[in-house]
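Following the hints, position chain B against chain A.
The listed protein sequences derive, respectively, from chains A and B.
Numbered as in this note's numbering, the first sequence ends at 426 without a single skipped number.
Numbered as in this note's numbering, the second sequence ends at 1618 without a single skipped number.
In short, the hints are calculated from the structure, not lab data.
Possibly wrong hints are sitting among the right ones.
Some chain A residues near chain B, calculated using beta-carbon distances under 7 Å [unchecked claim]: (1) Asn315; (2) Tyr351; (3) Cys353; (4) Ser409.
Only a predicted model underlies this, so the values are computations on that prediction, with no experimental measurement involved.
No residue lacks a Cβ here, since even glycine has one placed at the ideal position from N, Cα and C.
What follows is the residue order along each chain.
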Amino acid sequence: MPPTESEKVGDLHEKIDTFINELKQGNFQGSYTVAHRTVIILRSIVSHIRWKNAGELMELIRREGKRMMDAQPSETAVGNMVRRVLKIIREEFAGSRGRNEEGDPQESLHKLLRAEAQTDDYSLPIQNLKPPIIEAIGELITELETSADNIAAQALEHIHSNEIIMTTGKSKTVETFLKGAAKKRIFQVIVAECAPFYQGQELATSLAKAGIHTTVITDSAIFAVMSRVNKVIIGTHTVMANGGLKAVNGSHTMALAAKHHSTPLIVCAAMFKLSPQYMCSHDQDAFNRFVSPQDVMKFSEGEILAKAQIQNPVFDYVPPELVTLYISNIGGNAPSYVYRLLSELYHPDDHEL
Amino acid sequence: MDQRDVVSHFTDILQEDPSMSTAVAAISTLIEFIQLNSAETMSEMRDKLKEATETLTKTDGSATSISSGCELFLRFITLAALDHPDFQECKSILVERGKIFLKKVGSSRKKIAKLGHPFIRDGATILTHSRSRVVLQLLKEAAEAKKRFNVYVTQSNPDQSGNTMHNELTAAGIPTVVILDSAVGYMMEQVDLVLVGAEGVVESGGIINKIGTFGIAVCAKEMNKPFYVVAESFKFVRLYPLNQQDVPNHFKYHASKLSADIDLSREHPLVDYTPPAYITLLFTDLGVLTPSAVSDELIKLYL
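Next up, chain A with everything else stripped away, as it sits in the complex (with noise of 0.2 Å):
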């Protein structure tokens, strides 16, 4: 028998809660994941709650949005996909009101001096609102389940033969970037371990094992080698909206010997990772997260932990004058483009939720 209506939202909460627990401690490998299973939940939310017009299910799309980026606010794609959606339902609400979306709804100098009203009303109700924004959500999912493909895709064009990679950590992009150029170009590739997760190391394996030359060296070497490095490529877990990166720790230390030896920095991210929250100190609030530091000092060394602070951040801010490249799905871009990025991707009205 099929699962009547308050069967299916008494599902759809459960969903939601076991979601949050999770992002509460922090089990998820990698953002993509998360984003993944947010706007899963996110299109059911809308197929199967029940909504009258555009303006609650926005409510309701905020709401529940909110409470999920609460659980783990460091966590920025939760937040991104769920300004995502809520600009897909604007779209497609000015969409079937038949108004020609200006293409921009970002406030300008223009706008001000037209000085036309600007509110669009919501809470007029459209029929068959639900299946293009249903089907909008469809293409969101490929889009995120495509994008380290269409990042590899453009490996070639950056990746030359007998050139020398340098990378640190362990991000999924990066990997399927390193494996797709290596199917027709044969590189070397260093990797820093990245203590003290070491996930460097997992990734030198993984490449090993498909055929590149690779060196794993320790974060200390990252300044010695820079030298005889050609490009350095790295991912990140989330494009701030300056086009700065909050990234695995110890990207700026990679950043700044690049920039040093005067080396490329391409960041590999997709879309999901933009973020339109900006920088605003280095101790802002659910910038970074902290996890044991068992990982740094073992607790058996109690004597010293007894003296000593210490601290295990996982994230590292990069500013943006020392990122050469932007990879994304949709091609690449400088960092100072960032800002139009973001403009086509959500809603200004959405950046503050």
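Just chain B now, with coordinates in the frame of chain A:
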């Protein structure tokens, strides 16, 4: 309404409300001018408005923001005229639109203060240059949000407007210290961020501001301190200076000095140009912008 009335109306508005921006006062003067004007065609109106703008820039107020504000207003008119063939109707619509425009720019400082104050953290030390009403409002807003910070303001010769800023900040309960312009290099290591206003924001994303700003920007860049600019959107100017000499003379010197026939090379300029490379972010009522986003905004307007 003739040119002398224009000037007297303008100065009256400024006297009544000294916290009002000169550009806002100029725009409301122009609206008054449209209402009392006897022009019969659009092009006559436009010419008269251009004359009025010239007169206003000749007063000793901030030439940059007056001219950018008035140019935006003129642009506003060019956009409207295309819609309506009947002139009297046009005039009343213009006045109405002008009032809406005025209201929007009047609220721009509040918007900026709201956008900018998350960037001021508890315990921060801020350096600012000379006297800027937008910066003042932003700092007041941050203080009201119960943030504790202290401010260093440069004395800013030749008019020593830094002292006025100091008094205003102290009155708002913010611990402020006036420093010599030459002490900026010394203070920079203690400062967490630099916050300045702007008299004009140019197409490249750079700013035109009170003389001394460029030096502070270079120092901040060297010491890795963020340099934030706060400016309302009507200050965006259609200018692209490539260096300091490129900035037009009517921005650099007071109008009274330009009309007198003196040797400008012996005169001290009032403003300088800070290139976009030294600016971290701009807080405007259009949102927080990177310098590269500024030219996009200007293109959107003028195309």
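Here's how the hints hold up against the structure:
1. Asn315: With a closest approach of 5 Å, the asparagine 315 of chain A hint holds.
2. Tyr351: 6 Å, holds
3. Cys353: 5 Å, holds
4. Ser409: Hint on serine 409 of chain A: holds, closest Cβ of chain B at ~4 Å, below 7 Å.
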